[in-house]
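K.L.:
Listed below are the residues making up each chain.
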Amino acid sequence: GAGVSQSPSNKVTEKGKDVELRCDPISGHTALYWYRQSLGQGLEFLIYFQGNSAPDKSGLPSDRFSAERTGGSVSTLTIQRTQQEDSAVYLCASTEGSNGYTFGSGTRLTVV
Amino acid sequence: AQSVTQLDSQVPVFEEAPVELRCNYSSSVSVYLFWYVQYPNQGLQLLLKYLSGSTLVKGINGFEAEFNKSQTSFHLRKPSVHISDTAEYFCAVTPLSGGYNKLIFGAGTRLAVHP
Numbered sequence: 328g329a330g331v332s333q334s335p336s337n338k339v340t341e342k343g344k345d346v347e348l349r350c351d352p353i354s355g356h357t358a359l360y361w362y363r364q365s366l367g368q369g370l371e372f373l374i375y376f377q378g379n380s381a382p383d384k385s386g387l388p389s390d391r392f393s394a395e396r397t398g399g400s401v402s403t404l405t406i407q408r409t410q411q412e413d414s415a416v417y418l419c420a421s422t423e424g425s426n427g428y429t430f431g432s433g434t435r436l437t438v439v
Numbered sequence: 081a082q083s084v085t086q087l088d089s090q091v092p093v094f095e096e097a098p099v100e101l102r103c104n105y106s107s108s109v110s111v112y113l114f115w116y117v118q119y120p121n122q123g124l125q126l127l128l129k130y131l132s133g134s135t136l137v138k139g140i141n142g143f144e145a146e147f148n149k150s151q152t153s154f155h156l157r158k159p160s161v162h163i164s165d166t167a168e169y170f171c172a173v174t175p176l177s178g179g180y181n182k183l184i185f186g187a188g189t190r191l192a193v194h195p
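From first to last, the protein sequence lines stand for chains L and H.
FYI, the numbering for the first sequence is 328 to 439, going by the numbering used here.
FYI, the numbering for the second sequence is 81 to 195, going by the numbering used here.
Hints are computed from structural coordinates only; laboratory data are not their basis.
Ideal Cβ positions, reconstructed from N, Cα and C, are used throughout, including at glycine.
You can take every hint at face value.
Taking CB as the label site, the calculated pair distances span:
(1) S108(H) with G424(L): 14 to 24 Å
(2) R408(L) with T135(H): 42 to 52 Å
(3) N337(L) with Q90(H): 20 to 30 Å
(4) E341(L) with P98(H): 46 to 56 Å
Make the full structure from the sequences, and use the hints.
P.N.:
The following block contains the structure:
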């Protein structure tokens with residue numbers, strides 16, 4: 328597609344439930360990144376995938392968070408047993424090379 | 081490792097006035113530098129980037145930034161702002177070497193343009 332697509336755009340979930348957030352990167356982009364933006368905060372790196380290499384998971388805040396990228400394209404970020412502190416905007420970006428990162432519009436997650 | 085400091089969390093300014101949003105970075109290696117803008121309830125949009133060459137970079141919407149290696153700064157400027165420039169602005173860096181690398185962001189500067 329023309330841009331990075333994220334779904335859903337908004338998600339409200341009950342505390343303790345699992346959620347899945349989806350990211351469709353730009354076709355041909357081999358690197359994909361997930362970031363989290365909490366209210367009034369900057370962007371916190373979560374995880375990145377590059378080609379067939381092992382992902383860099385160094386930013387995942389706990390073992391409740393996981394992500395996968397199927398076929399080198401679509402990625403899913405899964406949060407298990409959601410907590411209120413997980414409420415944030417989750418942003419996905421893709422790139423081909425280090426000189427151009429394109430971000431999606433994000434998924435706003437609210438845990439009630 | 082890299083870090084980015086945006087020196088002002090909020091910048092209020094009147095319409096048609098000039099503005100400068102400050103960004104300093106720390107890195108032991110050379111970096112690429114970026115400015116992104118985030119309008120309310122939207123994702124991040126690239127304003128401009130410095131990769132190499134001329135240290136004065138022009139971006140979209142009339143913004144420009146100057147890379148100063150000796151001061152490790154990449155300040156963003158606009159000579160005359162509009163109400164529509166009200167948004168959050170993020171400075172980011174990524175190291176040149178090592179293939180693909182994550183962007184390291186500053187905490188953001190909220191620009192509020194008043195009539």
